[in-house]
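Protein chains in written order, with the working numbering: chain A, 2 to 270; chain B, 31 to 358.
Treat the hints as calculated values from the structure; they're not laboratory data. Please note: incorrect hints may appear among the correct ones.
What the hints assert, rightly or not - Covered stretches of chain B (in silico footprint by chain A; criterion: 3 or more residues with CB under 8 angstroms from a CB of chain A, positions within the stretch not fixed):
#, stretch
1, 118-128
2, 133-147
3, 340-352
As the list claims (entries may be wrong) - Simulated restraints, written as ranges between beta carbons of each label pair:
#, chain 1, residue 1, chain 2, residue 2, range
4, B, D263, A, G82, 26 to 32 angstroms
5, B, P42, A, A229, 52 to 58 angstroms
6, B, R170, A, E53, 28 to 34 angstroms
7, A, L230, B, D195, 33 to 39 angstroms
8, B, D82, A, L153, 48 to 54 angstroms
9, A, E167, B, R158, 58 to 64 angstroms
10, A, L230, B, E45, 45 to 51 angstroms
11, A, A158, B, A156, 47 to 53 angstroms
12, B, R170, A, L154, 53 to 59 angstroms
From a predicted model like this one, the values you see are computed outputs, not experimental measurements. Beta carbons are placed, not taken as given, at the ideal position from N, Cα and C, and that holds for glycine.
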Amino acid sequence: MTTRASRAGGTGAGLPPGLEPATAELLLALADDDFVLGFADSEWTGIAPHLEEDVAMSSLAQDELGHASAYYALLASLTDGDPDRIAYDRPAEAFRHARLVDHGRGDWARTMTRRWLYDTANAVRLEALAGSTWRPLGELVVKVRREEAYHLLHGAAWLERLARIEGEPRRRVIEALELVGPDAPSVLAPLPIEALLLDTGIQPVPGAELLERWAARITPVLEGLDLALPEPHPAALDPARARSGHGPAFSALWTEFESVRGLDREATW
Amino acid sequence: MTDPLALDPVLPERERSKLPFNQDRPHDERYQAFEAHVLAGGKIEAGDWMPDEYRTSVLRFVEMHANSELMGVLPERDWIMRAPTLRRKLALTAKIQDEVGHAQLLYRVAEDLGKPREAMLDDLLAGRTKFHNVFHYPTRTWADIGVIAWLVDAAAIVAQQALRDSSYAPYARTMKKICWEESVHIMHGRDVVVTLAGGTASQRAMVQEALDRWWPPLMQMHGPRSDRATDRDLHWRIKAKTSEELRQEFLGIYVPRVRELGLSLPDPELRLDPETREWRYSEPDWAELRSVVTGHGPASEARIGFRIAQREETRWVRETVLGPAVAA
């Protein structure tokens, strides 16, 4: 068990005074993205299109949950909280995952299209955060990026494979892009407290620039497949809305993942 | 991920061709040489000549095992989304991933014996082949996840450990890897049970209720007593122990461990006979076992139905992207 004293002398240290709330917002966004995506993707465990892919998909889901756990633990060190309490004991409205992650997993094409959009955006975000002036975050992000490199390869391979086969696979990718594509920028949309984080270098690169970098990276890939990202949903770029107002798919997910723990939140599970 | 060691042949190809049953001789001579080799503890590889009876028996055995791993995923899968802590959620996803991996390894062993994977899935979903009785029952609470991972996996591992020395070498090697992973699952399951048993009154009641419900299927799991002399799987050393030997081993290890936690087992007859050192128990309901494994269990239809629906939903991926070879 980590004590309050050991935490105070550990990761929380080194943050400029008064910056805990803003840093907590950033960590919550990172953690909730991976947590909710990990939950959605783990639904494929046991039912993926074939056994080899099933095993791969479970690994991806576990990686995301592992990353989420690490972010929650870092957040817990700032707030003297408990990672499980942060992850589980919040109302659905308090979650700060991006709109992109809010969609249900859908079919295999939607899962893979969403994964690719998320992984490419996340890669841009993590590249920048590796240079955070707050060392505990920079160090964690370096570790996370090692695993995310494999996710990128997996998602890109599937997107290309599906998009290049005329007929059902391509049609399904286009449908998925139309549905989730408008929400994709929400992963990189500036956080409401971004200015504070930029001033101190905790977040070294502004969201607007991250969005440009991401577009520069994915546009050629999409063009090569004769695809295009639809116009962004206005809420996906709005700091006040990109990570709130979650829809019915997330409510259903939340109800499910709270169902056991919610029986008794004081008990040990 | 396949362990490369698990695929190393015991003997190199040129050595195996020297074995008498692999040489071009009359059938009866080959049969006798094969039988003598197996009865002396010799191993058989996928490329060896083998009597039809042996091939069919190994295939049936491995196919049922593979089916059980695949269907065993479903009762636990429902709880991935409901796991109550980050650690439990990760452990459960990893466990189920292992089981899908086991199914894959075992279907590959079976495929090498001549039956394509899609034919095995067809037979499973049409009810022509079987899977373990325990996976025909529904799960009702989080405690079921602990009891399944601890005791169902323990009962399975007792049987699987005895298969690490199977005469069919590809199966024996696969079982070594599987047993190692299953032992991790047992630790996870025991931890869930111990946590609940040491928790609040309602958590304790939850785990006791789960145990009461799972005990009868657990007692049936290894099957009715069989006669060592007439059991062909024993003769061919595909397996090493009888049902009753496995059940006794399971009871010997796990009854004390369950009781140690202050939990009870719902069988008034259950006790160790001090003279024979054998466990006594109420006769399991064998009629229930027969009915359940032939597809009439409380969750049989739902599980098979779910698998059929999922297979249909992802068929387009297999057919158009992965090609007809994996379009099962």
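Going down the list of hints, with the structure as the test:
Judged by the Cβ-Cβ criterion of 8 angstroms, the stretch 118-128 of chain B is covered by chain A as claimed, because 7 of its residues qualify and three suffice. Taking a C-beta to C-beta cut-off of 8 angstroms, the stretch 133-147 of chain B contributes 3 residues in contact with chain A, enough for the three needed, and the coverage statement holds. With a cut-off of 8 angstroms between beta carbons, the stretch 340-352 of chain B has 9 residues touching chain A; three or more are needed, and the interface restraint holds. Restraint check, D263/B to G82/A: a C-beta distance of roughly 56 angstroms breaks the suggested window 26 to 32 angstroms.
Judged by the Cβ atoms, the range 52 to 58 angstroms given for P42/B and A229/A holds: they are separated by roughly 56 angstroms. In this structure the hint that R170/B and E53/A lie 28 to 34 angstroms apart at CB holds, the actual value being about 32 angstroms. For L230/A paired with D195/B, a C-beta distance near 58 angstroms fails the hint of 33 to 39 angstroms. A hinted range of 48 to 54 angstroms for the beta carbons of D82/B and L153/A is consistent with their spacing of about 50 angstroms.
Judged by the Cβ atoms, the range 58 to 64 angstroms given for E167/A and R158/B is violated: they are separated by roughly 37 angstroms. Hint check: L230/A to E45/B, Cβ distance near 60 angstroms, so the stated range 45 to 51 angstroms is violated. A hinted range of 47 to 53 angstroms is violated for the C-beta pair A158/A and A156/B, which are about 34 angstroms apart. Between R170/B and L154/A the C-beta distance comes to about 41 angstroms, which lies outside the given range of 53 to 59 angstroms.
Consistency with the previously given hints fails for numbers 4, 7, 9, 10, 11, 12, ordered from lowest to highest.
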